[in-house]
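Chain order of the listed sequences is A and B.
Using the working numbering, the letters of the first sequence map in sequence onto residues 2 to 90.
Using the working numbering, the letters of the second sequence map in sequence onto residues 525 to 612.
Just so you know, these hints were derived from the structure itself, not from any lab.
Careful: at least some of the hints might be erroneous.
[Said to hold, decoys possible] DEER-style ranges, computed between Cβ atoms: (1) A:Arg74 - B:Met570: 44 to 50 Å; (2) A:Ile58 - B:Ser575: 36 to 42 Å; (3) B:Lys531 - A:Asn33: 16 to 22 Å; (4) A:Pro60 - B:Gln537: 29 to 35 Å.
Don't be surprised by glycine CBs; every beta carbon is placed ideally from N, CA and C.
As a plain string of letters, each chain reads:
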Amino acid sequence: MRAEISSLFGLNVYTNAGTYVGKISDMVLDVNNRKVTGLAVSDINREIFDVPTKGVIIPYRWVITSSDIVIIRDLVNKFKKLEKEAYQE
Amino acid sequence: MAKVFAKNLSSKQVMTTDGTELGTLYNITMDLDTSELVDLMIRPDMNVDTSDFQKDDQYILLPFESVRAIKDYIVVDKKIAKGMQSSE
Numbered sequence: 002m003r004a005e006i007s008s009l010f011g012l013n014v015y016t017n018a019g020t021y022v023g024k025i026s027d028m029v030l031d032v033n034n035r036k037v038t039g040l041a042v043s044d045i046n047r048e049i050f051d052v053p054t055k056g057v058i059i060p061y062r063w064v065i066t067s068s069d070i071v072i073i074r075d076l077v078n079k080f081k082k083l084e085k086e087a088y089q090e
Numbered sequence: 525m526a527k528v529f530a531k532n533l534s535s536k537q538v539m540t541t542d543g544t545e546l547g548t549l550y551n552i553t554m555d556l557d558t559s560e561l562v563d564l565m566i567r568p569d570m571n572v573d574t575s576d577f578q579k580d581d582q583y584i585l586l587p588f589e590s591v592r593a594i595k596d597y598i599v600v601d602k603k604i605a606k607g608m609q610s611s612e
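All chains, full assembly: derive it from the sequences and hints.
Structure representation (structure tokens):
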């Protein structure tokens with residue numbers, strides 16, 4: 002589906018596990034390869050991002066679908082799982 | 525020049541490789557599934573003859589392939605822009 006880039010600004014971003022991630026405030030474009038490479042997300046969920054910055058950049062390859070909201074792959078829990086596995090070993 | 529923020533581009537002047545100013549960038553369309561950038565939407569200047577271009581309402585549509593450079597201006601290749609249109 003095609004969309005105007007600015008129509009995505011302000012959309013809420015959630016993971017596929019239902020966790021709120023943030024709001025899209027801008028996009029990172031790779032002009033040479035004619036691709037969108039990232040989402041600049043602000044109003045971020047501080048519980049999953051322990052950063053002092055205003056927002057984060059999320060790689061576009063994590064995006065599963067976007068329409069009224071944007072859903073990204075739930076990497077937060079994945080990292081936790083990996084940590085757990087590593088600990089058990 | 526690799527990565528730019530979309531908001532930095534909005535309202536940037538668009539110029540063709542022959543030096544003609546076309547107008548200002550209004551928006552960019554993308555393919556949500558492939559993440560590819562598809563078209564530039566340009567708000568044409570008053571004195572620009574828009575009859576040669578593919579249009580959507582008052583905006584000129586140029587394929588993103590025609591972009592040659594983006595810095596202070598967005599430079600587009602007019603030949604490619606028109607060639608693409610006639611091949612469609």
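We went through each hint and held it up to the structure:
1. Against the hinted window of 44 to 50 Å, the Cβ-Cβ separation of Arg74 of chain A and Met570 of chain B comes to about 47 Å, which satisfies the hint.
2. The supplied range of 36 to 42 Å is met by Ile58 of chain A and Ser575 of chain B, whose beta-carbon atoms lie about 41 Å from each other.
3. Hint check: Lys531 of chain B to Asn33 of chain A, Cβ distance near 19 Å, so the stated range 16 to 22 Å holds.
4. Distance hint check: the CB atoms of Pro60 of chain A and Gln537 of chain B are about 30 Å apart, consistent with the given range 29 to 35 Å.
Checked against the numbered hints above, the structure violates none of them.
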